[in-house]
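Trainee: With the sequences and hints as input, model every part of the structure.
Start counting the sequence shown at 1; every next residue gets the next number (UniProt numbering).
Hints are supplied without guarantee of correctness; some may be wrong.
Stated by the list, open to error - Result set (DMTMM-like, lysine to aspartate or glutamate): computed pairs, CA atoms no more than 25 Å apart in a straight line: (1) Lys87 with Asp124; (2) Lys79 with Asp97; (3) Lys79 with Asp62; (4) Lys87 with Glu99; (5) Lys23 with Asp124; (6) Lys43 with Asp31; (7) Lys23 with Asp59; (8) Lys87 with Asp97; (9) Lys43 with Glu28.
Stated by the list, open to error - Here are the computed distance ranges between Cβ atoms for each label pair: (10) Ala44 with Asp76: 18 to 26 Å; (11) Ser103 with Phe24: 29 to 37 Å; (12) Cys22 with Lys87: 34 to 42 Å; (13) Leu135 with Phe24: 15 to 23 Å; (14) His52 with Ala80: 17 to 25 Å; (15) Ser103 with His52: 22 to 30 Å; (16) Gly71 with Ser103: 13 to 21 Å.
Simulated from the structure, these hints should not be mistaken for lab results. For every residue, glycine included, the Cβ atom is placed at its ideal position computed from N, Cα and C.
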Amino acid sequence: MRLKALSYASKKSDVTDAEASCKFVIVEPLDQSTSNQVTRFLKANSGPGIQHIGLAVNDIFDAVRVCRAGGARFLDPPKAYYDELSKLVSTKQTHLDLETLRSSGVLFDSEVLDHNNLRNPHEDAYLLQIFTAPLFEKDGFFMEIIERHAGASGFGAGNITALWRAVESARSENNGRVMKRSAS
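Mentor: Now the structure itself:
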């Protein structure tokens, strides 16, 4: 998969760049003959379009709780995701509780290198993200909630595989349709 990110920032005196920025990620499959989240989206929607919109928040756990209370449904990460994460993440470094991540379904991605600027970001740079189940019948549009820490600027590239596995797992458990996480 090829991933490109573009940023737009409005220059106004009463807002910061972070508040006025809008990022666009353009993704294309490297091999269109194999099934992946991009080729499936293209086929289901008869061509390119907006696959998802991410909403930046300051407290992802509170945002997820509020969204679930309002009926939002989120994808379950693969069962092994948090077991693998426990081997990679130092909770001392991030001050995150792995069980809180697991119980909320929130994904974690650290940034070891900012590829746009070819520099190492702050050692604590990481992001938290979660994805809703598709909002419409066909494979397509969904939402993302994302929280960034210590200057993290990526898009959770380390979680793309986890997202694909979650979609495939949900699909196989529900006869080809994406199963939605309960709102509880």
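Trainee: Assess, step by step, whether the Cα of Lys87 is no farther than 25 Å from the Cα of Glu99, and give holds or violated.
Mentor: It holds: about 14 Å lies between the C-alpha atoms, which stays within 25 Å.
Trainee: Is it true that the CA of Lys23 sits at most 25 Å from the CA of Asp124?
Mentor: 22 Å, holds
Trainee: For a C-alpha distance cap of 25 Å, please report whether Lys87 and Asp97 respect it.
Mentor: 13 Å, holds
Trainee: Between Ser103 and Phe24, does the beta-carbon spacing fit 29 to 37 Å?
Mentor: Check passed, 32 Å falls within 29 to 37 Å.
Trainee: Using the C-beta atoms of Leu135 and Phe24, is the stated range 15 to 23 Å upheld?
Mentor: Once the Cβ atoms are compared, 20 Å apart, the range 15 to 23 Å for Phe24 and Leu135 holds.
Trainee: For the pair supplied as a hint, Lys79 and Asp97, is the alpha-carbon distance within the 25 Å limit?
Mentor: Holds, at roughly 17 Å.
Trainee: Please verify whether Lys87 and Asp124 have alpha carbons no more than 25 Å apart.
Mentor: 17 Å, holds
Trainee: For the range 18 to 26 Å, tell me whether the beta carbons of Ala44 and Asp76 fit it or not.
Mentor: Holds, at about 21 Å.
Trainee: Given the hinted pair Lys43 and Glu28, is their alpha-carbon gap at most 25 Å?
Mentor: Distance ~13 Å between Lys43 and Glu28 Cα, so the pair holds.
Trainee: For the range 13 to 21 Å, tell me whether the beta carbons of Gly71 and Ser103 fit it or not.
Mentor: 19 Å, holds
Trainee: Could you tell me whether the CB distance from His52 to Ala80 stays inside 17 to 25 Å?
Mentor: Roughly 24 Å apart at Cβ, these two residues keep to the hinted range, so it holds.
Trainee: Verify the proposed pairing of Lys43 with Asp31, using a straight-line Cα cut of 25 Å.
Mentor: Answer holds: Lys43 to Asp31 is near 14 Å, not above 25 Å.
In terms of the numbered hints stated before, the structure departs from none.
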